[in-house]
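What follows is each chain in one-letter form.
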Amino acid sequence: MDTITLEAKDICVDFPGVKALAHVDFQLLSGEIHALVGANGAGKSTLMKVLAGANPGYRGDIRLDGEAVELRSPGTAKRLGIQIVYQEVDQALAPALSAAENMLLDELGKPGRLWVDWRALYRQAEQLKCQLRMDFDVRMPVSRLTLAQKQMVLIARALHSRCRILLLDEPTAPLSTVETETLFALCRDLVKERRISIVFISHRLPEVLGLCDRYTVLLGGKLAASGPITPQTTAGELVAHMLGGEMETARSRLSGAPGGELLSVHGLSSRDGSLRDISLTVRHGEIIGLAGLVGAGKSELCKALFGILPRASGEILLDGRPVNPRCPADGAALGMGLVPEERRKEGLFPGESVSFHLGIASLKQWSRLSFLSSRRLEQNARTQIERLEIKTPSTRQRMELLSGGNQQKAVVGKWLAAGCRLYLLDEPTKGVDVGAKAEMLRLMTQLAQAGCGVLYASADPSELLQVTDRIYVLYGGSIAAELVTARTSEEEITYYAVGGKAPFLPPEQRERGTQS
Amino acid sequence: MNQIPHKRGAAGFWMDWAAVIALAAAVMVFALLRGGTFLSPANAVNILRSMSITTIFAIGATITMAPDGFDMSACTLATVSSFLFASLFLWFGLPLWVSVVLTVVLTMGLYLLAMFLILVCRVPDMLATCAMMFVYQGLGLWWTGGGAVSAGMPTPWGAAPARSGWTEGALAIGSAPWCILIMLACTGFAFVFLRYTRHGRCLYAMGSNHTAAAYSGIPVKRYRFLAGMLTAAMIAVGAIVVCSRNSAAQISGCDSYLMPSLAAVFVGRSVGGAEKPNALGTLAGAALVAVLENGLTQMGVVYYVLPAVKGGVLALALVAAYGPRRRKAYIMP
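Which chain is which? The protein sequence lines are E and C, in order.
Residue 233 in the numbering used here is what sits at position 233 of the first sequence, and the numbering runs on without skipping anything.
Each number in the numbering used here comes from the position in the second sequence (counting from 1) with 1000 added on.
If we strip away everything but chain C, and leave its shape as in the complex, we get:
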């Protein structure tokens, strides 16, 4: 009686590991074509550094998507968080750790608006966060007085900023060992949380069948709220890393990470046959995006064509992960 839970053929294996296979294939192709330049330790660090931010945002999205939630506003909110972080640190001269903690707390506070729409007003996630995206955009620019926040600039009320420049500690967050460690810490946290705790299991139960989860006595609203708050924390962390890397909080500085991070979650969904958003899959998805970007640049693909090539390979990985399923769709158990 103790057979393997569900046997799947070669196609099943291909489906389950599509993202990882694509990643390995991409690494091999680039290694063959570029040799040492691509395979050097320095370049490995390069790739890890460039994927760190996408991964942090993607981990945030993973936690929201586990209970079948969705967040369109994540990276717009991240831009606001980066404004907050930069202004707390530069304008008000707060110590680094206070700025970090306050940024996380304030981001969670801002996220309450989205949670209010979703949980109290019962607006579907997609629509609520779509609306919130614009609200966040406006709030952020209102806070900075319509501009970016960078070192040496005066505050909107005309006073001189408390700090004239970034400290070494603040700049370290976004540079090589630290941003990678932060990424790994976020991934590790989400992995353990979603997979090994009872809360993670409740979130997955909601993602599988919301009604059944509620009828099993799971406080679904409380858990959706928890997922939202954790996502907000990830957004804040990602924003701080972006801010530190650019040594400024730029207008729409984080907005462009939304699609790559969502792509990472979708690519990673099927990794290992999980069939649900999961931390390791997301990490693999983000790595795929970063390796493609890095390798293609080295291959001399011009930067403005890059998105097309990157998108094409992503689409292939998604086809491999989702395509074979369609043939089974008629068979309802």
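Excised from the complex, chain E in its bound form:
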């Protein structure tokens, strides 16, 4: 158990302008699940990429079973049995090929093979499917699988190429509770039966404590702490390491008296059937939570309101006036601001500067007769950077070089600059570190106090409980319950989110109910 499989010493990585990793040591024992935690921008992903050979510019020593190795290309890492499953699973998959082909993709690409042996391919894929207890047709094209299933395909691919070390980069971020449990059971099996070592990145500390054997915490590109996880280890302890002592928690919101009705929706259904008969209201100065599992329709609802998802029926009133947003430009013109869930795909212009991002939704404001005023754009960027505490060396920094939390702040910042009245925030804290998360929640409170409406969609009930006034729980595309935050609990939200029908009873009442 205690033999060291992989040892990395004194790893340094420089990115232009930033030191991504500075003298980090990392040890992985054989047959363990090792948690790699840290705030966003702490260097977790960078370290993972070094180990996966995807970051050939690193400095330092890496030893595998005591032998020095040079992980300068992904191919080398794979040959040595190190496999990685990235957070963005789609980048590693060929969407048009079947799940089976994707599982055995490494083999299909081998030289010296001319014909594809379909029978052998499907047989092997079926075997992998049984081992991983997957329940879908391996002949189905990958583009039709869910995120969780795509992850499984990638893990199957890693297993097939006899991996000894499996790196999982935030695998649970997009998964629902049930899917997460399935993944964890699989991880435990792999470690027990195949003696594979797993490195596991996650922002969800309870998961980490439940699953992993040891942890390594990074802070600002340096090693902050490392040690075994015992039943005594608490999340608070890890958070303290992650933040280096500067902890700031979001204060519970002072509920002010909300104003008049800002948004009211009656009987909204989407054309693709993902939303059915949604009715809700948001008043000025209110933060409304949208709870529900992944796929329950939270994103779809935000997109339907913003004009992205076509509506089949229903009525939207904004400040009492019926509106009909048919494209995102309509939504923006009506004073709505959407912070989409998939930041990289839907929110960022990777090669463009911070000031470009912060001004893009309000260009009319920064131009005269169509000509942009770079002075006013800069001014706006500086204002928003200060207001949101975006950490960037300058307003001209390329967005792709900022950390996830700061990128997210810039996406929110463009709407602040545009001065929206209704903010649609779809999982704004996803993939964002603890500090930025607290700031995001505080920002929502500020927006509400300024009289704006906030619709805040999150799969994490505990976050919703911290800042919202009311919560709508979505289940299967319709509203399962409307709850007042002050009088509800995480259990009640989860109860409705997983499809509970009967009125929810708190545990003590429930027992009385069954006795009588």
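No lab work stands behind these hints: they were computed from the structure.
In this text, a Cβ means the ideal position worked out from N, Cα and C, and glycines have one as well.
Among the hints, a few may not be true.
Quick partial rundown of chain E residues pointing at chain C, CB under 7 Å, derived from the structure [said to hold, decoys possible]:
1. Ser143
2. Pro328
3. Ala329
4. Leu338
5. Glu346
6. Leu348
7. Gly351
8. Ile360
9. Leu363
10. Ser370
11. Phe371
Under the rule of at most 27 Å between Cα atoms (straight-line distance), these lysine-lysine pairs were calculated in the BS3-like manner [as the list claims (entries may be wrong)]:
12. E:Lys345 <-> E:Lys430
13. E:Lys364 <-> E:Lys19
14. E:Lys391 <-> E:Lys345
15. E:Lys391 <-> E:Lys430
16. E:Lys364 <-> C:Lys1276
17. C:Lys1310 <-> E:Lys345
18. E:Lys192 <-> E:Lys78
19. E:Lys192 <-> E:Lys222
20. C:Lys1221 <-> E:Lys364
21. E:Lys19 <-> C:Lys1310
Once you've looked at the hints, dock chain C against the given chain E.
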């Protein structure tokens, strides 16, 4: 905190200025080898004149490619525009300025077909314009009755043309000072438009991430349409210059400008670290193509080998501009 946005090493500098360095190197080599013949003012005008048409078409392509669009049909459409211009001027005897304006308007009208396929039918740009290329080709020849349009030829319906020949004004468009000025005007317009206006910024936002641009409230379809119409205008202008230079609208007269103009845009993409199609880069790219052509001809390279040499040097410039990037490709931020 106020450091340079992104530090890049010597390789970065080489990448950013590859097209300009190649241009300077080419000028120096030819100057050393041919001396005064190459460096004379007359030859400079020669080079500028020969690059003017490519540049105008390339500027059109730049505007379409800024929002990540693409146009395969541009130069085929230009041939049609040149037919239109020549026939309006010769057959119908319209005044020069009316012919010019009408040609631009009609070209935009024809471009609506491509826009319809792209924006309404949602066909990818590349495929839509590929199909339109053949449509334009056929439409153009149908209009002229299957032949070129030149002075003194009768109309397809047998009538005598209203004008028997080109006027001096019409011929001036394609000759030395004017075609160069037109080229500079087009480049200047595109430079200011793309770089200093809010519309240009929206186009670049679409080019960087189409979904994010749409979700930021940019009316993406309207802007794609705008880019298409501006491209059509550039195509028409280029066609008029070609027509005036040849004093005729020849069959497939403009088709051969497509690849050089696209090459100019691609070479110019990385100029100054822009990483997107930009007017000045395109101008540099077109200049590189023209200098190579001119210098190599003077060196006595026979005309039928010329494309190979020209292509080789272009490929080198592209390697310098795009090659070093590959090493970074693994590192996803």
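Here's how the hints hold up against the structure:
1. Hint on E:Ser143 is violated. Least Cβ distance to chain C is approximately 17 Å, over the 7 Å limit.
2. The interface hint given for E:Pro328 holds, since its Cβ lies 5 Å from the closest Cβ of chain C, which is under the 7 Å cut-off.
3. With its C-beta approaching chain C no nearer than about 4 Å, E:Ala329 sits inside the 7 Å limit, and its interface hint holds.
4. Annotation: E:Leu338 was flagged as interfacial toward chain C, and the flag holds, the nearest CB pair being 6 Å apart, inside 7 Å.
5. About 5 Å separates the beta-carbon of E:Glu346 from the nearest beta-carbon of chain C, less than 7 Å, and the hint is met.
6. Nearest Cβ of chain C to the Cβ of E:Leu348: about 6 Å, under the 7 Å cut. The hint holds.
7. Contact between E:Gly351 and chain C, as hinted, is supported at the beta carbon level, the nearest pair being about 6 Å apart and thus within 7 Å.
8. The beta carbon of E:Ile360 comes within 5 Å of a beta carbon in chain C, closer than 7 Å, and the hint placing it at the interface holds.
9. Given the 7 Å rule on beta carbons, the hint for E:Leu363 holds: about 4 Å separates it from the nearest Cβ of chain C.
10. The beta carbon of E:Ser370 is positioned within 7 Å of a beta carbon in chain C (closest approach about 5 Å), and the interface hint is therefore held.
11. Against a cut-off of 7 Å between C-beta atoms, the interface hint on E:Phe371 holds, since the closest Cβ of chain C lies about 6 Å away.
12. At most 27 Å may separate the alpha-carbon atoms for a hinted pair to count; E:Lys345 and E:Lys430 meet this at roughly 14 Å.
13. The suggested pairing of E:Lys364 with E:Lys19 is violated, with an alpha-carbon distance near 37 Å, which exceeds 27 Å.
14. Restraint check for E:Lys391 and E:Lys345: satisfied, since their Cα atoms lie roughly 22 Å apart, inside the 27 Å limit.
15. Under the criterion of a C-alpha separation no larger than 27 Å, the hint pairing E:Lys391 with E:Lys430 is consistent with the structure, at around 18 Å.
16. With a C-alpha separation of about 23 Å, the suggested pair E:Lys364 and C:Lys1276 falls inside the 27 Å cut-off, and the hint holds.
17. This hinted pair does not check out: C:Lys1310 and E:Lys345 have alpha carbons roughly 39 Å apart, beyond 27 Å.
18. For a cut-off of 27 Å, the pair hint linking E:Lys192 to E:Lys78 stands: about 22 Å separates their Cα positions.
19. The suggested pairing of E:Lys192 with E:Lys222 is violated, with an alpha-carbon distance near 31 Å, which exceeds 27 Å.
20. Straight-line distance between C-alpha atoms of C:Lys1221 and E:Lys364 comes to about 18 Å, which keeps the hinted pair within the 27 Å bound.
21. For the suggested pair E:Lys19 and C:Lys1310, the alpha carbons sit about 43 Å apart, so the restraint of at most 27 Å is broken.
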